[in-house]
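Can you make the complete structure from the sequences, with help from the hints?
When you line the sequence shown up against the UniProt record's numbering, it's residues 1 to 180, in that order.
The hints are simulated quantities; they were obtained by calculation from the structure and are not laboratory data.
Pairwise CB distance ranges (calculated):
(1) 46 with 26: 18 to 24 Å
(2) 75 with 45: 22 to 28 Å
(3) 115 with 32: 34 to 40 Å
(4) 37 with 116: 31 to 37 Å
Using 16 Å as the maximum straight-line C-alpha spacing, the simulated EDC-like pairs for lysine to aspartate or glutamate come out as follows:
(5) 47 with 11
(6) 58 with 29
(7) 58 with 83
Note that the structure is a prediction, hence the values are computed from the model and not measured.
The beta carbon of each residue, even a glycine, is placed where N, CA and C say it ideally should be.
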Amino acid sequence: MASLNVGNLGEYLREQRRNAQLSLRQLADAAGVSNPYLSQIERGLRKPSAEVLQQVAKALRISAETLYVRAGILDEREREELETRAVILADPSISERQKSVLLQIYDSFRRENGFEPGPESGVAAGPETGDESGPDAGDDTASKLSKASKPSAPSTPSTPSKPLKAPKPSTPSTPEKPSH
Numbered sequence: 001m002a003s004l005n006v007g008n009l010g011e012y013l014r015e016q017r018r019n020a021q022l023s024l025r026q027l028a029d030a031a032g033v034s035n036p037y038l039s040q041i042e043r044g045l046r047k048p049s050a051e052v053l054q055q056v057a058k059a060l061r062i063s064a065e066t067l068y069v070r071a072g073i074l075d076e077r078e079r080e081e082l083e084t085r086a087v088i089l090a091d092p093s094i095s096e097r098q099k100s101v102l103l104q105i106y107d108s109f110r111r112e113n114g115f116e117p118g119p120e121s122g123v124a125a126g127p128e129t130g131d132e133s134g135p136d137a138g139d140d141t142a143s144k145l146s147k148a149s150k151p152s153a154p155s156t157p158s159t160p161s162k163p164l165k166a167p168k169p170s171t172p173s174t175p176e177k178p179s180h
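In structure tokens form, the structure reads like this:
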């Protein structure tokens with residue numbers, strides 16, 4: 001495996017490209033970017049977007065999250081969280097519903113241990129970390145950073161220690177009349 005102690009993103013990309021035995025032109029074609037643009041990235045003259053980094057990572061068959069960290073788009077802790085999520089989402093042996101539940105449990109444990117849920121959690125970041133808005137919630141940056149598709153999940157908030165079921169509607173025995 002290549003050394004991760006490379007000076008900057010451009011040097012790291014060049015090292016990965018050479019390890020993959022690709023010319024600059026071959027990588028540019030595979031990533032869908034121009035040869036001069038990729039050359040400028042490798043020389044540190046241009047800062048690529050998250051989308052371009054994802055295309056380059058795919059062409060090199062390396063982790064896009066690692067490139068995001070090197071480019072300063074993502075910090076190391078977020079990268080680890082995203083990789084954990086990607087592994088869960090990529091597992092073909094579990095259903096989409098099970099993936100959703102696993103991710104909710106994962107977020108619950110992270111909150112319990114004092115970590116803010118990351119951009120892919122679908123949990124609103126901020127002072128009210130218990131507010132869940134489903135895995136499809138999030139900002140544009142999160143959707144750009146996600147390589148795997150997100151599972152479908154119920155839109156109702158859930159308590160991680162209980163199974164996810166829709167609440168039963170309660171019917172009062174006598175309707176209350178509004179007081180005037």
